[in-house]
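**Student:** Okay, here's what each chain looks like letter by letter:
There are 2 protein chains.
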Amino acid sequence: MTRWGILGSGRIAHKFAQDLLTLPDAQLYAVASSDQSRADEFARDYSIPHAFGSYEDLLTLTDLDVVYVATPHVKHHENVMMLLNGGISVLGEKPFAMNSKQVREMVDTARSKKVFLMEALWSRFMPGIQKALELAQSGTIGNVVSVKADFGFKAPFLPDKRLFNKELGGGSLLDIGIYPLFLSYLFLGKPTAIKALAKFGSTGVDEQCGMVLSYADGQLALLDSTLLAKTDCIGLIQGETGQIRIHSRFHETTGVTLQPEEQESTTLMFERQTHGYDYEAQHVMNCLNEGRTESPLWSLDDSLNLMDLLDTVGAEAGIVY
Amino acid sequence: MTRWGILGSGRIAHKFAQDLLTLPDAQLYAVASSDQSRADEFARDYSIPHAFGSYEDLLTLTDLDVVYVATPHVKHHENVMMLLNGGISVLGEKPFAMNSKQVREMVDTARSKKVFLMEALWSRFMPGIQKALELAQSGTIGNVVSVKADFGFKAPFLPDKRLFNKELGGGSLLDIGIYPLFLSYLFLGKPTAIKALAKFGSTGVDEQCGMVLSYADGQLALLDSTLLAKTDCIGLIQGETGQIRIHSRFHETTGVTLQPEEQESTTLMFERQTHGYDYEAQHVMNCLNEGRTESPLWSLDDSLNLMDLLDTVGAEAGIVY
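Chains A and B are the protein sequences, given in the same order.
Per our numbering, the first sequence starts with residue 1, numbered consecutively.
Per our numbering, the second sequence starts with residue 1, numbered consecutively.
Just to be clear, a hint being listed does not mean it is correct.
No copy is singled out in the list; a pair is fine if it fits within one copy or between any two copies.
As the list claims (entries may be wrong) - Lysine to any residue pairs mimicking SDA-like chemistry, simulated, CA-CA at most 25 Å apart: (1) 154 with 321; (2) 161 with 291; (3) 131 with 47; (4) 230 with 139; (5) 230 with 267; (6) 230 with 115; (7) 114 with 290; (8) 131 with 240; (9) 154 with 140; (10) 230 with 140; (11) 101 with 60; (12) 113 with 99; (13) 166 with 217; (14) 154 with 109; (15) 230 with 257; (16) 190 with 316; (17) 101 with 112; (18) 15 with 286; (19) 154 with 189; (20) 230 with 249; (21) 154 with 218; (22) 230 with 193; (23) 190 with 318; (24) 114 with 86; (25) 15 with 275; (26) 114 with 287.
Keep in mind that the hints were calculated from the coordinates and are not lab data.
Bear in mind the structure is a predicted one, so any value in this text is a computation, not a measurement.
With these hints in hand, go ahead and build the complete structure from the sequences.
**Tutor:** Dropping the structure here:
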């Protein structure tokens, strides 16, 4: 049995807690909010024995196995560092932090203290994404020549909310642009060049961002994120002899279609009853049970590389926090 | 009856001639090739009364109404200038020339001599494209926030052929990248910024090119062309409240799907029996009959703007001729 703590009590904390309930080896053991009554309410919802009105109080528990950090972007670094310095294993929500410097410090701390740390890049653990990667790596579409992915939804313009608040790390790139960038990284690795353009709204955040990346062997990635419209949210891996289509929304896909050139296509479905956070949670528990301090599927180097991509796209497009 | 001459006798000249045969008001009147026997053969195929072994001989005909120029890219400027200086109306294959400077000279000459000139941007005259534009302009998807379009086919690597020959203007951008750029221009006009990356093959031509463009109101275009793989060849107009999908291959589409947000989609089909060059040819004849020297649908300014886009993308991506 793995005893989980949850740091934060917002929307994603709720969804994660609901998915943890489906895992027989997981125990919801503690929740910490900046507000005691919110922590109490959250604890009641999921029958959690410990409810704290301050994040620091999590450190008082000596039998906690791992904490999931689900605070706003700008808090990630501070919250994760506190836990790591307390010797507590961490699954930290994406984006891992606000920039590479912060991620580097978190990674160095986890490694020097030999404490487990992983970015909650849940898409990496989706069965559909894993299958798509396996299909590409096994040569079903020949050499990959390009990756395309978009992520867009129509966000109501609420200037005080995090998504449109620059101080809170708002904007499309950090929030959802990370998914297309993740997909390109998963299939093509580190690019050799990055170009990007963004639209800035009245609150200064990027309301949409378009990116083109190129790679050592000439592959290209075309990626975009937008808060202005609901887009297809498709991932498309184009090979020399076919393509793999990761169904909408690709970051939590339940379907993958392999279309080899001039042959019948095959669609594989990966239905599920959960929000999809159970896959990453189960992976974390497996890692802990195996005595690992890093995930073999989404390592801390992967997190550093992804944050570097976000930093570089931001710098290219003029998105600065 | 409009008497047509065709300058060039390659693959596209054949397809154009076949489509002209379907137009009751068009007469195939002359063909000119750099080789007399090829001209004779072409003339036999389509019962053309005049067959010349040199382009200049077209100028000897006093009753020619218009000439379609179907030579390789690098010859366009020279061939069009010869005809314009001879006072002959011209429909010139795309890309109109190799760069903006050449197009500017062609345009200035046509205007000063008051001779009809139009770029054979056949997609502009496709009923499906026209319908898509009408749908966007009538507000069915709200404000347009992005345009996406790809054009890719797998070209056999034949280093001596035009497509891979830098001297002959080979590469993906000029040949097929022009179509995605055209689509972005049709729906969004002139961009305020352009970023692009390309892959260069062993013969020095761009084998694929990825582009991101941004516009005054923050719209984005993500476009690409490739010779390395057969891609979807879709045009996608994303609006704030829906999207318009121009079916594959979008540049000669026979179908358009309007998907308003949270409503049933509607698909309109535009079947045809021809290659699709008859629409532009009919438009040219209409213009000539109306005494026009420029098309109201694809003006010489449009051609200049499109060539500027190609120039800028090329410069950005390092594609130089």
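**Student:** Against the structure shown, which of the earlier numbered hints fail to hold, in ascending order?
**Tutor:** 2, 3, 6, 11, 14
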